[in-house]
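Listed in order, the protein sequences are those of chains B and U.
Read in the working numbering, the first sequence has 130 at position 130, and its numbers run on one by one without any break.
Read in the working numbering, the second sequence has 179 at position 179, and its numbers run on one by one without any break.
Hints may be right or wrong, so weigh each one.
What the hints assert, rightly or not - Keeping only pairs whose Cα atoms sit at most 35 Å apart, straight-line, the calculated DSBU-like set for lysine-lysine is:
| id | chain 1 | residue 1 | chain 2 | residue 2 |
| --- | --- | --- | --- | --- |
| 1 | B | K185 | U | K363 |
| 2 | B | K65 | U | K128 |
| 3 | B | K72 | U | K128 |
| 4 | U | K128 | B | K126 |
| 5 | B | K213 | U | K363 |
| 6 | U | K243 | B | K185 |
| 7 | U | K127 | B | K187 |
| 8 | U | K363 | B | K222 |
| 9 | U | K352 | B | K101 |
| 10 | B | K126 | U | K28 |
| 11 | U | K175 | U | K31 |
Claimed, not checked - Distance windows between CB atoms, simulated:
| id | chain 1 | residue 1 | chain 2 | residue 2 | range |
| --- | --- | --- | --- | --- | --- |
| 12 | U | S148 | B | E159 | 41 to 47 Å |
| 13 | B | N36 | U | G32 | 30 to 36 Å |
| 14 | U | R362 | B | S191 | 30 to 36 Å |
| 15 | B | A163 | U | G379 | 36 to 42 Å |
| 16 | B | K52 | U | I198 | 39 to 45 Å |
| 17 | U | V133 | B | K65 | 45 to 51 Å |
| 18 | B | D167 | U | R157 | 20 to 26 Å |
| 19 | U | E154 | B | E159 | 31 to 37 Å |
| 20 | B | N36 | U | E202 | 31 to 37 Å |
Quick caveat, the hints were computed from the structure, so don't treat them as lab data.
Quick caveat, the model's predicted, so the values are computed rather than measured.
Every residue gets a Cβ at the ideal spot worked out from N, C-alpha and C, and that includes glycine.
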Amino acid sequence: MMLYYIYDGTFEGLLTAIYDTYYERENPEQIVSIDNFTDNFLIQRRYIDTDKEKSEKVHNAIIKKISREALKNIMYAYLSEHENSGKYILEYLRFGFKAGKLVDSYLSDNRVHNIHRLVTKINREKHLLLGIIRFRLLSNNIYYAPIETQYNTACLLGEHFAARMADQVFVIHDVKRNYGVFYDKSKWFISSIDIEGNLDYHEKELFYQELWKKYFESATIKDRINPKLQANFMPKKYWKYLVEMK
Amino acid sequence: MELIDKIRILADSAKYDVSCASSGSDRKNKKGGIGNAAPYGICHSWTPDGRCISLLKILYTNYCIYDCKYCINRASNDIPRASFTPEELANLTINFYRRNYIEGLFLSSAVMVSPDHTMELLVKSVKKLREEVNFNGYIHLKAIPGASSILIEEAGRYVDRMSVNIELPSNESLKLLAPQKTKESITKPMGLIKSRIIQNQEERHRFRSAPSFVPGGQSTQLIIGASDENDLKILKLSESLYKGYNLKRVYYSAYIPVSYHPSLPSISNPPLLREHRLYQADWLLRFYGFNTNELLNENNPNFDELLDPKSDWALRNLDRFPVEVNKADYYMLLRVPGIGVKSAQRIVQARKVSVLDFDDLRKLGIVLKRAKYFITCKGKYFKDINFMSSPATVKNQLLQEDKIKVRENPEQLSFFQLYPQIMTPAEKISRITGEL
């Protein structure tokens, strides 16, 4: 039998699962979110009750015994939604509690390498999104940016855009995961989102979209068209909400 | 004229400037304001030719009083002309910025009425953006050669980066091809910007709240192949610009023949590979601790087009190899062909906790294609490679590796990838555009 830990999909749930592996002295084959779980008859299931106290203990232990960097790393690995992320995180933390703050220097150790690989993917997508999300000004003066991302990175954008677009109300909408990063000119927060009906554009919105498309066209060197290179930098899966790619 | 037509005309003329970086400044947003600068730079889109858009790169005007034979904006050329107003420009920038289309503005211009008149309009535009619109995003401004020091100084208080394009790498070439442009008209504003930057850094050291002056530094652009300077002369010039003028970047741009003038060389292809080698050497100067004399000398004044400058250097200094990865210091690691800054840092970090072998290097993401001829791990060479004391043998191996790579993956070395900013003769325009 293979032991699977199944948690509710939250980061706290995942940390609770980590806590339980220590408390129960168990070594689960996988730690998976309930959304990603497919049952079969070889699997022995243990459902994790998300517990704030337990997750905080793990949270604090990571900072104290390993590093803040390590906490950020497992957070990013979690956001990758990789099928093995739970397992990788457990292995990384077990090693980390032994190795201490030097854990991230073990670049060639698989337990560290697996996590770093996921972190790199998240960092890349996050950096790309900083550039390619597009706000549309709505008739109610909210700047609205819908996106569909490969990883769950939209939640990492709040800080950057709140500092930058400090004087505008905005919403970044992760359409696939159906939540939004909201900013109200004083603080940003994450909340689920529910849009009914059509969003009306501000009267000037299409005007600026046209100007931007014209600029984009004029900045292109036409004898050097190389769509493959373009798609290398800016993969097609992100084009759906790009004003200039329509 | 409609705004959209102005954008078409004035973006079209600006797109050949190579510089697009939005990095190097950490300007913060102000209370009630909009925008900040990201020190690491952000790309916002990629045009179908594969070049990144970071800044709104545009000319203020393409009306020009000069009539330079080689320039598309020359007064006698019959092309559509346009000019922004400071209001239009500020409005356009801020509305693009709010929608996250751009990282900021890169404003350049042809010379309308006089250098001072043009510079005044540029200053007015950036001042409006900073003071009226409260825009704190990135601004790169071209200093117009010949404009008064007062105007250039004023501009520097509002922008993140300034540049004065040298274009032609020697006084003789300037006289020949750009007679209105003297060495002094270029070095004077550069020197002024430099000394004000240094003065400002001292002020900011004492008073953190002192207003900034060109915090992203200054840059310039050199045209390669329009005149007969060799690589040594060009690289020496860059080196002294980095050291003497504290420049952040020197951009190189292969010359493309566009006009038939007896003083211009008639070449069929732009020297793109040469441009690429100069960029590689430039990196070696700035990040790898090399100096020009190590890379080139009077007997060898030009780079080998087949081999990158670092490999070339290594072959001439085989007595310093092989390098033991577990022992060599950081700066020696940087001198190994195929090992870059990131790789060297990762090696230094990883060997703190373990002794590295070749498999470990792979996991660190280090490409062994070139490096394997120059390194040992735990005293051993990679697989069946033995130390080759003859530069010719190693060179052959390196060149062979390149060929194999090309065959396996033709996309990998596409010319365009190496030279994303090139243009073709069909685009009847010179890089020497309207910058006088």
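Hint-by-hint comparison with the structure:
The hinted pair formed by K185/B and K363/U fails the criterion: a straight-line CA distance of about 44 Å is larger than 35 Å. Pair hint K65/B plus K128/U does not hold up; C-alpha atoms about 52 Å apart against a cutoff of 35 Å. Distance restraint check for K72/B and K128/U: the Cα-Cα separation of roughly 41 Å exceeds the 35 Å cut-off, and the hinted pair is therefore not satisfied. Among the hinted pairs, K128/U with K126/B is consistent with the structure: their alpha-carbon atoms are about 32 Å apart, no more than 35 Å.
For a cut-off of 35 Å, the pair hint linking K213/B to K363/U is broken: about 42 Å separates their Cα positions. With a CA separation close to 44 Å, the supplied pair K243/U and K185/B exceeds the 35 Å bound. With a C-alpha separation of about 29 Å, the suggested pairing of K127/U with K187/B holds against the 35 Å cut-off. Distance hint between K363/U and K222/B is unfulfilled; the C-alpha atoms sit about 40 Å from each other, more than 35 Å.
Among the hinted pairs, K352/U with K101/B is consistent with the structure: their alpha-carbon atoms are about 13 Å apart, no more than 35 Å. Taking the CA atoms of K126/B and K28/U, the gap is about 21 Å. The hint holds against a cut of 35 Å. Distance hint between K175/U and K31/U is unfulfilled; the C-alpha atoms sit about 50 Å from each other, more than 35 Å. Between S148/U and E159/B the CB atoms are about 42 Å apart, so this pair conforms to the stated range of 41 to 47 Å.
For N36/B and G32/U, the hinted distance range of 30 to 36 Å is not satisfied, since their beta carbons lie about 45 Å from each other. Separation of R362/U from S191/B is about 44 Å and departs from the stated range, judged on CB atoms against 30 to 36 Å. Between A163/B and G379/U, the C-beta spacing of about 51 Å breaks the proposed range 36 to 42 Å. In this structure the hint that K52/B and I198/U lie 39 to 45 Å apart at CB is violated, the actual value being about 54 Å.
The beta-carbon spacing between V133/U and K65/B, approximately 49 Å, falls within the hinted interval of 45 to 51 Å. Separated by about 23 Å at the C-beta atoms, D167/B and R157/U satisfy the suggested range of 20 to 26 Å. At roughly 34 Å, the beta-carbon separation of E154/U and E159/B lies within the given 31 to 37 Å, and the hint holds. Between N36/B and E202/U the C-beta distance comes to about 57 Å, which lies outside the given range of 31 to 37 Å.
The earlier numbered hints that this structure contradicts are 1, 2, 3, 5, 6, 8, 11, 13, 14, 15, 16 and 20.
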